[in-house]
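Same order as they appear, the protein sequences are chains A and B.
For the first sequence, the working numbering begins at 13 and goes up steadily by one.
For the second sequence, the working numbering begins at 13 and goes up steadily by one.
These are computed hints drawn from the structure, not numbers from a lab.
Heads up, a few of these hints could be off.
Sample of chain B residues lacking proximity to chain A, with all beta carbon distances greater than 10 Å (derived) [said to hold, decoys possible]: (1) S93; (2) G115; (3) M127; (4) N142; (5) T164; (6) Y170; (7) I209; (8) P210.
Here are a few chain B residues that sit away from chain A, every Cβ distance over 12 Å (derived from the structure) [stated by the list, open to error]: (9) H88; (10) K89; (11) S136; (12) E161; (13) G162; (14) D163; (15) Q172; (16) V178; (17) T180; (18) L206.
Straight-line Cα separation of at most 16 Å, EDC-like style, residue types lysine to aspartate or glutamate; simulated pairs [what the hints assert, rightly or not]: (19) A:K66 / B:E51; (20) A:K18 / B:E80; (21) B:K71 / B:E83; (22) A:K66 / A:E80; (23) B:K18 / A:D78; (24) B:K66 / A:E50.
Every residue gets a Cβ at the ideal spot worked out from N, C-alpha and C, and that includes glycine.
In case you want the letters, here they are:
There are 2 protein chains.
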Amino acid sequence: MDFSSKLLENAVYEMSQLPGIGKRTALRLVLHLLKQPEERTNLLSEALTDLRAKVNFCKSCHNISDTEICEICSNHKRDKSLVCVVEDIRDVMAIESTSQYNGLYHVLGGKISPMEGIGPQDLSIVSLVNRVKEGEVKELIFALSSTMEGDTTNFYIYKQLEGLDVTTSTIARGIAVGDELEYADEVTLGRSILNRIPFENSIKAS
Amino acid sequence: MDFSSKLLENAVYEMSQLPGIGKRTALRLVLHLLKQPEERTNLLSEALTDLRAKVNFCKSCHNISDTEICEICSNHKRDKSLVCVVEDIRDVMAIESTSQYNGLYHVLGGKISPMEGIGPQDLSIVSLVNRVKEGEVKELIFALSSTMEGDTTNFYIYKQLEGLDVTTSTIARGIAVGDELEYADEVTLGRSILNRIPFENSIKAS
Ligand SMILES: [Zn+2]
Ligand SMILES: [Zn+2]
Numbered sequence: 013m014d015f016s017s018k019l020l021e022n023a024v025y026e027m028s029q030l031p032g033i034g035k036r037t038a039l040r041l042v043l044h045l046l047k048q049p050e051e052r053t054n055l056l057s058e059a060l061t062d063l064r065a066k067v068n069f070c071k072s073c074h075n076i077s078d079t080e081i082c083e084i085c086s087n088h089k090r091d092k093s094l095v096c097v098v099e100d101i102r103d104v105m106a107i108e109s110t111s112q113y114n115g116l117y118h119v120l121g122g123k124i125s126p127m128e129g130i131g132p133q134d135l136s137i138v139s140l141v142n143r144v145k146e147g148e149v150k151e152l153i154f155a156l157s158s159t160m161e162g163d164t165t166n167f168y169i170y171k172q173l174e175g176l177d178v179t180t181s182t183i184a185r186g187i188a189v190g191d192e193l194e195y196a197d198e199v200t201l202g203r204s205i206l207n208r209i210p211f212e213n214s215i216k217a218s
Numbered sequence: 013m014d015f016s017s018k019l020l021e022n023a024v025y026e027m028s029q030l031p032g033i034g035k036r037t038a039l040r041l042v043l044h045l046l047k048q049p050e051e052r053t054n055l056l057s058e059a060l061t062d063l064r065a066k067v068n069f070c071k072s073c074h075n076i077s078d079t080e081i082c083e084i085c086s087n088h089k090r091d092k093s094l095v096c097v098v099e100d101i102r103d104v105m106a107i108e109s110t111s112q113y114n115g116l117y118h119v120l121g122g123k124i125s126p127m128e129g130i131g132p133q134d135l136s137i138v139s140l141v142n143r144v145k146e147g148e149v150k151e152l153i154f155a156l157s158s159t160m161e162g163d164t165t166n167f168y169i170y171k172q173l174e175g176l177d178v179t180t181s182t183i184a185r186g187i188a189v190g191d192e193l194e195y196a197d198e199v200t201l202g203r204s205i206l207n208r209i210p211f212e213n214s215i216k217a218s
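Next comes chain A alone, as it looks inside the complex (with noise of 0.2 Å):
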């Protein structure tokens, strides 16, 4: 692209670094703020910065919060012997939203990916370990997408548990094997983590 301003070719450019933001959609986007009130540009500005220079991850649960220690973590209502593990925060959002869970959440930052070189080291997975050590946590609930990755990264917690005394369940499935978590809508997300199965039970039925 020929670009008649090194300012606009910068924001451009900025801007089709995010994923799926290609260089055409990068210029649509700059050119509605250019559109728009010199406000709104300063406004999305402060957010991510602001959001990027202050953003903090809870102690216990690696999800993203304001506070030390989350506000989930930190509600005296819900359960803390039942720890659900998630890969993403976006996995926390889609299962606080069913109302059907009253435990808490791990944040493992990912799956076991040996293609995209994701060791289990890259993975908050030794603080999982601890959590389950400091002996409150009763139940852990497997709720990783049911791909290959997802399956091999709950295998690999399992071993890691042994001999503590912890059960673990995987979430049931109500979905399609291979569909993202944080697309399935509520009701059956929901109804999924109240059917959850012992984990060595969905090892023998794969």
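Dock chain B with the ligands against chain A, hints included.
Chain B with the ligands only, in chain A's frame:
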């Protein structure tokens, strides 16, 4: 959506104000930035605020420019007797990328559209007529999209030029009627500039 962080919620909200970016996409983009080095976010924010604060439009053709008069208008090798009338700076970029055109441009900033409340006074039509009155321009090439609004705008400008010594033409359409200019392939678009026809002929044809 249930956000665990006000900072996150705010960033997602501002991102989702962009056209075509829903809440889920906004969340995905924001979480991507969180996984990247902080510099990435700062470069994006700065590029956007910088552009918005310092953006300048060429005094002559209304193209985006970092200087008072854009590089195209101030290029002595370009044919100043030829002015191509376009909607938007994206059209300038599309035509420039064909390397088939050596004249100048005039960016209207849109099309006349009673449905969207855009009248002639919202577009840079007066300044176009003034450019013609100055006497150097011998031919205007209408390169608006061939929609009802595009045709209305062409005709409105054509009427404003009555009595002035200027030829009008429209770009030849090798591409389907109704297609957006900026998505045309470069060869077709370049050809359509070279094969432009007198505007009067295009009225008769339609
Ligand atoms: Zn927490
Ligand atoms: Zn110019």
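- request: List in ascending order the numbers of the hints, as given earlier, that are violated by the structure.
  value: none
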